[in-house]
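There are 2 protein chains.
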Amino acid sequence: MSTAGTAVPDLLGLVAFGELLAFERMAADARLAPDLRRRVELDQMAAAEIDNYRRLADRLAALGVPPEEAMAPYVRPLQAYHDSTEPRDWAEVVTKAYVGDAITDDFIREIGHALDGPDRALVLDVLHDSRYAEFAAAEIRLAVADDPRVAGRLSMWARRLVGEALSQAGRVAAERAPLTALITQAERIDVPELFARLTAAHTARMAAVGLNN
Amino acid sequence: MSTAGTAVPDLLGLVAFGELLAFERMAADARLAPDLRRRVELDQMAAAEIDNYRRLADRLAALGVPPEEAMAPYVRPLQAYHDSTEPRDWAEVVTKAYVGDAITDDFIREIGHALDGPDRALVLDVLHDSRYAEFAAAEIRLAVADDPRVAGRLSMWARRLVGEALSQAGRVAAERAPLTALITQAERIDVPELFARLTAAHTARMAAVGLNN
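So the protein lines, in turn, are chains R and V.
Heads up, the first sequence is in this note's numbering, so the first residue is 95 and it goes up one at a time.
Heads up, the second sequence is in this note's numbering, so the first residue is 95 and it goes up one at a time.
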């Protein structure tokens, strides 16, 4: 293990379980697609998550940590996030995918710098393919163009997604001290500043699809 | 198109949408796994389905048929099958995966012989990886060993799965004449005989995991 103690498997376990759950939920949400073309697109977006999962699980195994063990602490909070944010229609599905993937990517990019060598390269490499973000963004714009009142509803929905994610992130941070230390020590990251950066990027993304934060 | 008219895209569309739905449903069912190791195993079983979907969709595209168009006729019957067979627990999840994949494979193998050249090779090549069947079989045996009364419940469940599948297959056969003709013309397949062979294989598989048909 190149970086400090259990923090690296902790981080890889978090990202790995995040990918696994995103995979399951997106695949389940695909049934809400208004047509087969969109349904297939979301299924393929989901499938990309499990490809990433596999790479992270392989790395954990190479570090001598069973992936199940590294992921276990995150089952409850990540499950709670998804259970409290069940999309009710296609517009909510694509907004959740758009918001969730992007915040995950921003977070991974920030903490990737806290890692060394192969872990850093791996983590920075599992960022999501931007063509899926473009697909989700285009679907949101279409829904908003179709009915301008949708913008208000989806803006509220996105705030709920971020609120629930932050609430679970807070629980994880409190329970996983080495992980939190790793994140905060990364290039002397200041937590309020990290949050400010993540929020600013999120706000810009919301504006890009006609939603407000 | 090598084999007769619309029958080949019809068949590829059927198998492709079957794979896509199996992918979505297995991924959604993974939440019922009793632990993370099994959950990951089912997720990977699901992911294998979308790999197959992609190959079938690529072949359809190469034949000049949009995959969405070829799959459209099967959305309703396959969705109806899955909606009427929602597993309630892990034992039902693995039994459904075991029964469903195996009958699909038997069916594909039978009708694969009705195809020519690349279509035949492709269809015979998307048969499921036997390691997943072995995983599902082992899980069923474990559930039965754990509580012998489970055998009765899962036997009934498997009969329901087959009954619902046959009921939907009957609808498809009635609505898709060229597909039915392709299947029945394959080496002069006699439909009652085909059913008898599929049933015999299913009965043997049930016995292999301690269930009865």
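The set of hints was computed from the structure by calculation and includes no laboratory data.
Quantities reported herein were computed from a predicted structural model and do not represent experimental measurements.
Do not rely on the hints blindly, as some may be mistaken.
Stated by the list, open to error - Only some residues are given here: those of chain R computed to face chain V with a beta carbon under 8 Å: (1) Glu118; (2) Pro128; (3) Val134; (4) Ala166; (5) Phe229; (6) Arg243; (7) Gly246.
Note that the Cβ used here is the ideal one computed from N, Cα and C, for glycine as well.
Now for the hints, and whether the structure bears them out:
1. Proximity of Glu118(R) to chain V holds as hinted, the smallest CB-CB distance being about 5 Å (cut-off 8 Å).
2. Hint status for Pro128(R): violated, given a least beta-carbon distance of 12 Å to chain V, over 8 Å.
3. Below 8 Å, beta-carbon pairs count as interface contacts, and Val134(R) has one with chain V at about 7 Å; its hint therefore holds.
4. Contact between Ala166(R) and chain V, as hinted, is supported at the beta carbon level, the nearest pair being about 6 Å apart and thus within 8 Å.
5. Interface restraint check: Phe229(R) against chain V, minimum CB-CB distance 15 Å, threshold 8 Å, status violated.
6. Hint status for Arg243(R): violated, given a least beta-carbon distance of 29 Å to chain V, over 8 Å.
7. At its closest, the beta carbon of Gly246(R) sits 30 Å from a beta carbon of chain V; the interface hint therefore is violated under the 8 Å criterion.
The structure shown violates the earlier hints numbered 2, 5, 6, 7.
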